[in-house]
Structures are given as structure tokens and as C-alpha cells.
Amino acid sequence: DAGVIQSPRHEVTEMGQEVTLRCKPISGHNSLFWYRQTMMRGLELLIYFNNNVPIDDSGMPEDRFSAKMPNASFSTLKIQPSEPRDSAVYFCASSLGPFLDTAYEQYFGPGTRLTVT
Amino acid sequence: LAKTTQPISMDSYEGQEVNITCSHNNIATNDYITWYQQFPSQGPRFIIQGYKTKVTNEVASLFIPADRKSSTLSLPRVSLSDTAVYYCLFDSGGGADGLTFGKGTHLIIQP
Chain B
1 DAGVIQSPRH
11 EVTEMGQEVT
21 LRCKPISGHN
31 SLFWYRQTMM
41 RGLELLIYFN
51 NNVPIDDSGM
61 PEDRFSAKMP
71 NASFSTLKIQ
81 PSEPRDSAVY
91 FCASSLGPFL
101 DTAYEQYFGP
111 GTRLTVT
Chain Z
1 LAKTTQPISM
11 DSYEGQEVNI
21 TCSHNNIATN
31 DYITWYQQFP
41 SQGPRFIIQG
51 YKTKVTNEVA
61 SLFIPADRKS
71 STLSLPRVSL
81 SDTAVYYCLF
91 DSGGGADGLT
101 FGKGTHLIIQ
111 P
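As they're listed, the protein sequences go chains B and Z. Mapping to the numbering used here: the first sequence position 51 is 51, numbers consecutive. Mapping to the numbering used here: the second sequence position 47 is 47, numbers consecutive.
What the hints contain is simulated information worked out from the structure, not anything from laboratory work. For every residue, glycine included, the Cβ atom is placed at its ideal position computed from N, Cα and C. Please note: incorrect hints may appear among the correct ones.
[Claimed, not checked] Taking lysine-lysine and the DSBU-like style, the derived pairs with C-alpha atoms no more than 35 Å apart in a straight line are: (1) Z:K103 x B:K24; (2) Z:K69 x Z:K103; (3) Z:K54 x Z:K69; (4) B:K24 x B:K78; (5) B:K24 x B:K68; (6) Z:K103 x B:K68; (7) B:K78 x Z:K103; (8) B:K78 x Z:K52; (9) Z:K52 x Z:K69; (10) Z:K103 x Z:K54.
[Claimed, not checked] Chain B side only, calculated, beta carbon under 8 Å to chain Z, not exhaustive: (11) L45; (12) F74; (13) F108; (14) G111.
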């Protein structure tokens with residue numbers, strides 16, 4: 001398996017533009033997680049899905065952020081409109097765990113480095 | 001809110017044993033403690049996981065005291081390639097807000 005795939009790897013955009021980050025989880029994994037990493041706040045869980053259903057989005061910072069998982073092999077994280085403070089590395093991870101269960105290892109993608117100018 | 005404490009950075013030399021401790025005072029009763037390793041420009045990678053006492057795998061050991069309010073990652077005989085950031089992860093309950101990565105310990109190994 002190729003592991004978790006994220007695209008694009010780098011995104012530079014202007015404030016106010018819409019940004020869409022994409023993730024393909026590992027086949028057979030039924031949980032998917034979106035994280036944001038910054039120097040100030042470290043790794044933060046934004047939202048997680050189980051069997052394509054959003055379970056908990058309490059980590060999503062604002063209404064400008066939204067995430068979807070239309071099928072088991074694809075998820076998107078959208079920011080509209082983007083702001084400079086959204087600049088960060090966004091990671092997608094997947095696991096075999098049925099829910100938010102730390103007994104199951106999470107497999108992380110390579111991340112998308114987002115810069116909003 | 002969940003709280004966790006790790007040293008910000010540590011230095012060591014090749015061949016030494018390195019121990020990194022993470023405190024997690026409000027871990028949930030049934031939760032595992034997991035450690036991840038992250039290299040620059042990569043996502044975190046699983047190292048080891050445990051619930052209590054001691055766990056050992058081919059790369060590390062994890063020591064968890066009876067009260068489970070802390071855990072210690074032990075890396076035997078480190079090499080230059082172990083230079084990375086190490087995170088502990090636990091769940092203090094309460095959904096996504098409770099899943100907490102530590103701030104990370106930047107381990108630097110020198111020759």
C-alpha cells in the first residue's frame with residue numbers, strides 16, 4: 001500500500017481565496033483524521049470521520065473550515081475564505097480503529113504546507 | 001482541557017540510551033499512551049504504545065507507572081538517525097478536544 005496520500009504537498013494562496021486539501025486514506029482503514037500543525041500550537045486534531053461519517057468536528061477552528069468524506073477513499077478539507085493565520089501544515093491520518101481509540105495506530109500522510117499571504 | 005508536559009529539547013550522543021518523559025495528569029481510564037516520531041517535512045510515525053507497566057518492541061521501550069500519569073520512552077543506543085521530534089499522544093476524553101499530542105521533544109543526537 002502507498003500509505004496515506006495527500007495533495008497538494010505545498011499550497012501558496014492569497015488571503016480570501018478558497019483552499020481545498022485532499023486526502024486518500026489507506027485502503028481498509030475506517031477512521032480518518034485531519035490535523036493542523038503550527039509552531040505555536042503543535043499538532044491539533046480538527047475533525048475525524050468513521051466509516052465516512054463526521055464524528056467530531058469540535059477541533060475545527062471556525063466556520064470557514066469544512067471537511068467532507070464522500071467515500072471511503074477520499075476526503076477534503078476546505079478553507080473558505082482563507083486567512084494568513086491559517087498558514088500551517090495540515091496532516092491527514094487514517095487508522096483501523098472504529099472510533100477515536102488510541103489503541104489503534106494512526107498512519108499519517110506527508111502533509112500539505114499551506115501558506116496564505 | 002487536557003494537559004501534557006514534555007521537555008522541549010534534549011541532546012545526547014551516539015550509542016547512549018535516551019529517556020524522554022511525558023506527563024499526562026488527566027488521561028482517560030481506558031486509554032492507551034502512544035509515542036510518535038516526526039522527521040522534518042514528514043508526518044508523525046508510530047513508535048510504540050502501551051497501557052501500563054512496560055512494553056518493548058524492536059526500536060524502543062515504554063515505561064508507564066501504576067498511576068499512568070506519566071510515561072517514559074526509552075531509546076537504546078541511539079544513532080544520528082534518531083534525531084527527530086518525539087510526541088506522546090493520549091486521550092483525556094471528550095472527543096476531539098481530548099485527543100492530545102504533547103508539544104514534542106526535539107532530540108538531537110551528536111556523533
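Hint check:
Taking the CA atoms of K103 (chain Z) and K24 (chain B), the gap is about 27 Å. The hint holds against a cut of 35 Å. Distance check on the hinted pair: K69 (chain Z) and K103 (chain Z) sit about 16 Å apart at the alpha-carbon level, within 35 Å; holds. Proximity of K54 (chain Z) to K69 (chain Z) is assessed by CA-CA distance (about 14 Å); at most 35 Å being required, the pair is judged to hold. For the proposed pair K24 (chain B) and K78 (chain B), the alpha carbon gap of about 15 Å is at most 35 Å, so the pair holds.
This hinted pair checks out: K24 (chain B) and K68 (chain B) have alpha carbons roughly 12 Å apart, not beyond 35 Å. At roughly 28 Å between alpha-carbon atoms, K103 (chain Z) and K68 (chain B) fall within 35 Å of each other, so this suggested pair holds. Restraint check for K78 (chain B) and K103 (chain Z): the C-alpha separation of about 26 Å stays at or below 35 Å, so the hint holds. Pair hint K78 (chain B) plus K52 (chain Z) does not hold up; C-alpha atoms about 39 Å apart against a cutoff of 35 Å.
Note on K52 (chain Z) and K69 (chain Z): the hinted pairing holds, with a Cα-Cα distance of about 10 Å set against a maximum of 35 Å. Proximity of K103 (chain Z) to K54 (chain Z) is assessed by CA-CA distance (about 23 Å); at most 35 Å being required, the pair is judged to hold. The closest approach between the C-beta of L45 (chain B) and any C-beta of chain Z is roughly 5 Å, which is under the 8 Å cut-off, so the hint is satisfied. The criterion of a C-beta within 8 Å of any C-beta in chain Z is not met by F74 (chain B), whose closest approach is roughly 18 Å, and the hint is violated.
Checking F108 (chain B) against chain Z: minimum C-beta separation of about 3 Å stays under 8 Å; hint holds. The beta carbon of G111 (chain B) comes within 5 Å of a beta carbon in chain Z, closer than 8 Å, and the hint placing it at the interface holds.
Comparing the model with each earlier hint shows violations of hints 8, 12; every other hint is respected.
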